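Protein chains: 2
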Amino acid sequence: MIDDPEMSNALLPIGFRDLLPPYAQNEDEIVQWMIDAFSDYGYERVSPPLLEFEQSLLLHAGSGIAEQTFRVMDPETHYMMGLRPDITPQIARIAATRLVNSPRPLRLSYAGPCVLVSGAKHSAARQILQAGIELIGIDSPQADAEIIIVTAEAMGVEDLLPPISIDLMMPQLANSIIQTENFDEQQTKLLMRALDRKDVAAVQQYGGSLAGILTTMLQAAGPADRAIEMLKGLDLPADSQQLLDRLFTVVQAVKTHNPLLQLTIDPVEFRGWDYHTGLCFSVYMSGISGEVGRGGRYLSNNGEPACGLTLRPDLLLPLINDDDCFQRERVFIPFGYTIEEVRGLRQDGYILLMGLTEEEDALTEARRLNCNYILQDKELKAVAD
Amino acid sequence: MIDDPEMSNALLPIGFRDLLPPYAQNEDEIVQWMIDAFSDYGYERVSPPLLEFEQSLLLHAGSGIAEQTFRVMDPETHYMMGLRPDITPQIARIAATRLVNSPRPLRLSYAGPCVLVSGAKHSAARQILQAGIELIGIDSPQADAEIIIVTAEAMGVEDLLPPISIDLMMPQLANSIIQTENFDEQQTKLLMRALDRKDVAAVQQYGGSLAGILTTMLQAAGPADRAIEMLKGLDLPADSQQLLDRLFTVVQAVKTHNPLLQLTIDPVEFRGWDYHTGLCFSVYMSGISGEVGRGGRYLSNNGEPACGLTLRPDLLLPLINDDDCFQRERVFIPFGYTIEEVRGLRQDGYILLMGLTEEEDALTEARRLNCNYILQDKELKAVAD
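Residue numbers (the working numbering), protein chains in the order written: chain A, 1 to 385; chain B, 1001 to 1385.
What the hints contain is simulated information worked out from the structure, not anything from laboratory work.
All values reported here derive from a predicted model rather than from experimental measurement.
Heads up, a few of these hints could be off.
[As the list claims (entries may be wrong)] Using C-beta positions, here's what the derived DEER-type ranges look like:
1) 344/A x 1367/B: 42 to 50 Å
2) 1348/B x 64/A: 42 to 50 Å
3) 347/A x 1370/B: 32 to 40 Å
4) 348/A x 1379/B: 33 to 41 Å
5) 1367/B x 64/A: 38 to 46 Å
6) 101/A x 1287/B: 28 to 36 Å
7) 1287/B x 75/A: 28 to 36 Å
8) 256/A x 1348/B: 20 to 28 Å
9) 1379/B x 349/A: 30 to 38 Å
10) 196/A x 1380/B: 47 to 55 Å
Note that CB positions come from ideal geometry on N, CA and C, so glycine has one too.
Same shape as in the complex, but just chain A (with noise of 0.2 Å):
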């Protein structure tokens, strides 16, 4: 992506990047797809700023997201600006204030630059773009599922991308089942930690009466339907199984929907959902490392009951090839004729590239500015090599 990744090192600082041609256009393409999605679900656009109050920047949000976020002093009132890491609790303020009013569920979405202090794992990018939705005033399985199903639509990008896969988690459910036993707080550490790291032998040495069902849990991580058929055999505390039945009902409405979508299930994972209160997912798109996008069900703002998603549709860049559909073909038009004698072209959808001066040799010209095509005798000919 990069023509030349010491110039651009030697000019921009680690993290940033310049990004040309024909990058910055397929970049526009797809988070403009995706814009169009959630906007054909409801979802309507809000923008907020790069730069807000400190204070109201980092209100509800936890302190990894003030480590990430670079101040200046408005000269104006002395107050610290904060540079958005973020644009989701820009969402929930702007939810809980402007359009506190405004009719419930709101469905709103958002797509714009944030910069981050330092990279975050799986990239060194300090400016990220994100596109996402949130789904604000409902909590139902259906509205969940909603958010999964207009993520398929928005990662559909004209069959251009890989399919996505999307891994389902209940962060509750593992501390929920836990905590029916009065396990000291050590062997409840040590049990997370082997949880956490998907250790069935140190689940079965910690987890007392409880490790049978923990290891099953843990060996049905995986597709949907094989992870629910182990886990409905389960025998569960009733707060525990109602987490579970949650997480079946949405798989069932997103089956509903989407029967072709890739669901997988995470059944004891929790790790990174610190203030979510219910189902939480990850994206993945084969060919990208890590997830290209997030989301889950939180308590927004005045404790509105939400549900959201993040995508990230910088990471796609990589898989779309400098040679695919957002490509159109280019038209050299020679010096003399005027736009509105090629305006049919431009409606045509090719690129006119009009020329500047007479050219004593305007096939050369045209091959030189790559173009497929010259116009001549006010036809197109194809620009052989």
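Got chain A sorted already, so can you dock chain B onto it with the hints?
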């Protein structure tokens, strides 16, 4: 545009704003329209980062841009990084480095947000949106004309916006005329100030033997045809005549391509065009005070001739009404339908609001969510109020 300005002010620093529905989408549509027009004429998108090292961001820029740049320290290198107040210096950097070997003329486009330390005239906005083009590596009247013509195409957003007018200037012209006389420093200063203020009496007082010519030039300001008629008759020094002839040639070229475009000429204007070396222009739109775009000819990095233009799509938002053509019809899909069943409606351009719970009264729900239609027995029924 702001539902509750007080609440907005309480939440965000002055000059920053949340764009809410439908404005965020309207802005996106306008930018997309512009970018598509740029692309249709071979201007390829580049996307530089929001932040880069201060010394590279401000390398060829005047002091104005430095004063408007927020800075943060890069914790990796301890160098200062600037948050761009303007994209054009970044495009010049890219053209002179990463794209130095791409064929000329190089046609580049860009679109994205910029952040200013304090608001500019005509607007308190500190986050602005730029969309523009640069035509690099050629110095010809046809190149100047192309920038103007493509501007007109980019501003003709589906007949949704009022027509633009473009004011043409040749900032070197006044000075090139005055320098032919040996006015002392004081008189030169007084005369330039008189021209700047369009003060005919003062021009006649300080203009000496040039008073007649300069007065005619002042009076010629206005519609291009009339201005050219008046300016043609002047007896100018060779250098000045050359500048004027260039202006005339550009006007002729623009009119050949687009006879309907409204052009004005301001032959003595020079203020604010400090680094420009040839034809400059301001873009106006009725209903908007101040420029909605500006550009001109200059020397890019490495001394390459270049002509560029920057539009401000964010300034156009107040001209687009809520009920304008970007809005689509909304259909409420009662709970129970699958995405597959309603895919045809999506393809027909409807926005689909999926019911998330079994409604007792789906029609009331459809109304509450501002839908125009409801799907009943697989058919669309209008939702009467």
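Give me the numbers of the hints this structure contradicts, sorted from smallest to largest. Nothing - there is no hint that the structure violates, so all of them hold.
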